[in-house]
Structures are given as C-alpha cells and as structure tokens.
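Enquirer: Chains as they are written, first to last, in the working numbering: chain A, 33 to 253; chain B, -6 to 540.
Keep in mind the hints are simulated off the structure, nothing from the lab.
Where hints are given, some of them may not hold.
Unchecked claim - Chain B side only, calculated, beta carbon under 7 Å to chain A, not exhaustive:
| hint | residue |
| --- | --- |
| 1 | H88 |
| 2 | W386 |
| 3 | P497 |
| 4 | V501 |
| 5 | V513 |
| 6 | S516 |
Said to hold, decoys possible - What the simulated footprint calls covered on chain A by chain B, stretch by stretch (three residues with Cβ under 8 Å from a Cβ of chain B suffice, anywhere in the stretch; the number is not a length):
| hint | stretch |
| --- | --- |
| 7 | 65 to 73 |
| 8 | 128 to 141 |
| 9 | 159 to 165 |
| 10 | 186 to 197 |
Since the model is a prediction, treat every value here as computed from it, not as a measurement.
Even glycine gets a Cβ: it sits at the ideal position worked out from N, Cα and C.
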Amino acid sequence: MTINNGKMKNIYLYARFERLWHWLQTLLIIILLLTGFEVNGAFTLFGFRTAVEVHNFVGLTWLIAFAFFVFWIFTTGEWRQYIPTTKKMISVVRYYMYGIFRGELHPVPKRKEAKHNPLQRIVYLILAAILLPVQMVTGFLYWGYNSWGDWGLSWLSLQVVALIHIAGAFAILSFVVVHVYMITTGHTIFAHTRAMITGWEEVADEASVGDWEYKTKAKTA
Amino acid sequence: MEITEKKHPLLIYIVLFAFGLMLMPAIAAAAGSKDEQAPGRSMAQQATKSKKLWRTSDHAKHKVLQKDFASGAELTQACISCHSEAETQFHKTIHWTWLADPAEENRQYGKAGNSLNNFCISTNKTVDAGCLSCHPGWGNTKESAVNCLVCHSQTKMNFDEAITDIKGFLEEGDDESKEIAREIQAELRDAAQNLGLPARQNCGSCHFFGGGGDGVKHGDLDTSLVKPSKTLDVHMGVDGQNFTCTRCHTTTLHNISGRVYTQPAATDRKSLVEDDLTNKITCESCHTDQPHKSGQKMNEHTDKVACQSCHIPDFARVNPTKMSWDWAKSGKLKDGKKFKTKDEFGKFDYMSIKGQMKWAKNVKPEYHWYNGVIKSVTASDKIDPAGTVKVSWPVGDRQDANSRIYPFKVHIGNQPYDKMHQTLLMPLLSGKQGYWNHLDWDTALSVGQASMDLPFSGEFDFVETAYVFPITHMVAPKAKSLSCTECHSKTDSRLAHLKGFYMPGRDVSKILNFAGWGAVLASLIGVLIHALGRFLSRGNGKNRKED
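In isolation and in its complexed conformation, chain A is listed as follows:
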C-alpha cells in the first residue's frame, strides 16, 4: 500500500478496556464456536462432555462479562459510535467494491469521535445489540432447560431455542470470517490489528476528510 506518503498521524483510538474487551471476547467466541459446533456434531475435538462443560462455563462467563461492556459503553458515551447512519454509506460500499482495487483512500478515515465507518456501525450494532444478545438469551435458556418448569417457561420448545442458537452461531462464524479479512484492509495488512493491540492507529492526516458525522462529533465534543 502506498498511500503512506508522509501525511499520516498516530491517534489513540481504542481505550485499554475496549481492547481488553475485544480480545477477551475474541477468545470467548473462538472457544464457544469450537465447543458449540462439537456439541452440534460437526466434529470431535475435546470430547462431547468436555465440550458441553466448557461451553456452558465460557457462555456464562461471557454473559457476566457482557454486563461490564454494556456498563462501559453507556457510561463513556461510546454507545454513540454505534448509531447507524446512511451518510457516506454509498461511498464506503463503493470503496470496498471498487476503490480499494484502484488504490484509493478510504472515504472515512478513523477519528476518535467516529472510529467506525457507516458500514461498521450498522454491522457492529446488529452484532452487539441483536446477534450477541440473542445468542446469550437462547444460550442461557438452553443451559437452564431443566428449570424451565420453575421459570414458567414450560411452553418453550428446546428445539426452537437450539435452532435459533445454532443459526446465531453460523451468523457469528460468518462475521468472524469477514471481520478477520476486513482488518487486513488497512494501509498495511496488520495496521488495524496493531491498533486493537496497542490502541494506536495510524490514520491519514487530512483535515478535509473530517466532518462526515457531525452529530456524533457535536455530542461527544
């Protein structure tokens, strides 16, 4: 990649908690996918019993950890980073479909106030607000199957809960595939990965790109 022609600057994009959260969640998701698909019968890795026990434990761990994330995102105001927008959406889509092959600059460089591009916003919102909670709720119900009677949930069908949970797992796995690829599309292959480890991201230092999302900027300023 050749756009690094001296007009770059380092910004501190991801706070310590954010990075910790990201990598912890990475670990949890990988373990859950491996053990979950083993229970589903896709392969044998840990052995069914270990897979179930680890999956249950890690699932519950995630459920608790997620509460900290929700707390963090609301107390810091970072939740605004997830407000979906259509602004620049077309240009971002056009960039990934076409411009990236032409060596063009990303139409929406990362800023502290807007670390997600419009495409990321909508995808991460769906992930954090819908997909993960659905997985957690169905997972918790699945785990608590024996208590459904006590919880007044005898009308629930384990099959329905299980199938939603499995469908969610496929969605998350597909996300992981695309996500792992997309993080290689920075100005260098590992630029985005480095940013999520150190917190610091190198971005194009162009004032002109700025003001694409004034709403967020105004509120967090």
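With chain A fixed as given, assemble chain B onto it according to the hints.
Expert: Below, chain B without anything else, positioned relative to chain A:
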C-alpha cells in the same frame, strides 16, 4: 487535544495474560475435580456402612434342629416351632401363590394364573409339574409344606432330592442303605442348622435359571452373579461391597420388594434422606436423585433417564442369555430321533423339543419410556396376529412425569396362537401328555388349553411375540458407565428410535446446517475473491499514485 505519543502496550499484555490464567482454573473446576467424592456415593456408603449382621441365635444349638429328619414337612415343623408366623406369612406372598394382584381377579395375573411368556409359555396353572421345581414347597406339588431351607440355608444342596433319597434308602432296610440314609440325614441336618438371610445363591437357585436354564430369561441375572467381580456388578462384587440380594430387595413379612409386574416396584422416588424407613429397592433409595458431583450435567438427566440406562452399558457380560426362541421350527427329527445342536457359546441353539433359539453376550439394551408398570397379554386376551404381539411391554410416555428412559432386554418369540379365537395358546410341555414327549402340537395345545379352562378351536399358527425384562442388575463401575456420545450422537445413538424431543448432538436440522455452512463458505469465498482482487490490482494503485 491530539495525543501523538505512543503508549507502551506491555501492561495490556500482562492484563490479558492474567485474565487468561484466571480462566484456566475456573474451566478446570467446571470440568470437575477428581478428588472430591460424588454425594450419591457418600450417601450410599453411609446407608450401608454397618455391614456386619449381629445375631442372637445360633441355630446349631437349637435342640429341635439336632435330629434326623425323615420328611420335608418335619423340617418345616421344626422351623415354625419357633418362627410360628413364618409359614402363614409366606403363604400370602407371590413367591408362594404365583398370583399377582388379586385385586384384578378376572385378569388372573401371575404364573399360576393366566400370565404367559414367550419362553416355555405357561405353567398351565401349575398343571405342568416341570415348572414346580422352582416352587418353594417340598416336592413338586403346591400343597406341601413351605421349604424354608431353599431360601434360608447357607448350604448348597438339593433338598427335595435329599428327602427322596433318605426315604428310598430307609425303605431298602438293609444296613448299608440305612448307613447311607444316615449320612444324607447328617448332611441335611447340617444344612438345616446353617441358616441365615437369603444369599445370592439362594435367590439365584431359581431366579438365575428362569426359563429353564442359566441366564435364559433375564439377561442381567445368571450364575455369574453367585460370585461376581466388581466389574460385573459394582454392588454384589465379592471384591467390593459383596451385597446380597436382600441388601436392596428389602422385605416386610416375607414380602420381598422389587417385583415388577402390573405395579411398579416402587411408587415413590424417595431416598433414605427423605424417609429413613423407605424400602431400598431403587438406586435413588441410597444414592438420592442428585447423586453426581454438584454442577455436573448428569444430575440434570435423572428426571428423565433412569440410572440403569447409563450405568449398565450392556447385559449378559459373562454368561450368554437367550434373545429369541422360535417354537415353529421345533419338531424336526434326525434319523427319526430328537436332536440338539450347540452354538459358539456351547448353548443349545436348536432342540427338537423347543425349536430354534439364539443366544448372545454383551448385549446392548433397548431403551423405552417406563413408569415402572409392565403391561402384559394374558392367556385370555385377544391379540392381533398381524404384527409382533407385545406379550409384555413397558408402560410409559415422555409426557408422563413418572416415566424415565429405561433399559430393557427384549426377547423375541414365535409361539402358537388360536387362529379362530385370536388368543395365544398354552401348550402343555412336560409329562406324558406334554409336547416334549410326543412333539404333537394338537395334543399339547388341547391338553394345555383344557388345563387352563380355555377354549382351543383346533386351528393354530405361530405369531411373533416380544417380551421385556427391565435391566437393573450388573451395574458397572462408574468408569464403565456410558459416555455422552453413546446417546448424543448423530450416527449411532442408543436412543435413535425415541422420538418427539430434541436431543443435543443427536438431532440436527439438516436444512439449517446446510444453510449455515453455506453462508460460512460463501463468506469465505467472498473474502478470498476480494483478497485476490486486491492482490492482482496492487499495481493499479501504485501507478495512479505516482502519476
């Protein structure tokens, strides 16, 4: 304000690493520590910790037992001279009457009534004297005195034979015969003084031979349990707890718990924790219904899966058991004579008098929903010969709170039925008029039905039948209990045939899995094409920038 200094990330790595380390012991704990003992085991050990029985009586010192007995009745008289109520009590038990549930009088359940099986079929209301060798009275009649020794003598001996021999030799009258008679009498006297609660050998003298031979009927009861290893039966193993039958089959007034016929062996699922006087016939009596280490998923299975289902991986693990019996193939002769052939186990797989039979070892049980009740067809019940007739079958349903998945031996028979009356037929087998003597079905069936006071049209054929035995003995050590995937498996689940509920690992939605993996694959192909595009177009960007 713009911060442009890079911060050292070491701290982050340490925190992440520490977090990972913190997870490890928690995961290990979730998998269960090996040192801690399961509560169900502790409970059972407490319930059985006083192993030694203490006695206040030495039967060898009782004068009444120190004489020569000339008949069985004399011996019984000696017993009841002290145990005055024993015989009266025993006369009321199913062990004596061979009749179950007198309440259902018109059905006449019980082997002395209208009950039947697909082995030797029926006792013909005990007209078939061959069956009475297991009746706990003296000689082969139902009218004689109770033979207390069969169940209570700790000496292994054929008591009926001893009495017959004593009589015979005394009648001979010469000195030598009298001497022999005295010797047998001495042996019998010793046996009569060597008393105790029934041991495995006592119960086994009948129950290990049900169906006319070792291990024929039950599959989980045969002579291998006289002196079993711990591996064969973790409770009865002589190298372990060495339980006798009555350790679990607790007894009130000579009524022995554990009979499964028309009523469950236990109606309540109660442990000694909840009721210290409950009978000990169920696993849960001693082990409770939450026997595994806390937090283990197995504890959440006990509401729907009986302990036996996982803890008895297969039955007939030492001696073979009979799996099928085809009466229709009986009656063949070789050179005009009855003959027998043996199978790989040295068991008869063909007998002219019985037909074709199949034996098996290490048999995986069949699993069915079961609430403790066995529904059976009696000699007077109409059958439908179109399919396999379920002569006995477990009652239960997934929706029934009292039903659990339970292991069974299913014995398949092919036996005669009346084509006109649509009932199973009860041939007489032993004796002069019996089938085994003349191999003539018409005679055997006419005489047999007449003995039952049941009609026979003269037109008969054979019908396939099934007969079940709940598997509850031969509990293996915990290391040999079933692993999850014996049932939670897509390909060879032991519960493959149990429908109507979702079982993780066994049940998958093919459509969902196809669509799901399709989506994952599509994502993968999509990013690979995109990556290839980026790789191939690297030159484009460079050129443009340099322009």
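Enquirer: Flag every earlier hint the structure violates by its number, smallest first.
Expert: 1, 2, 9
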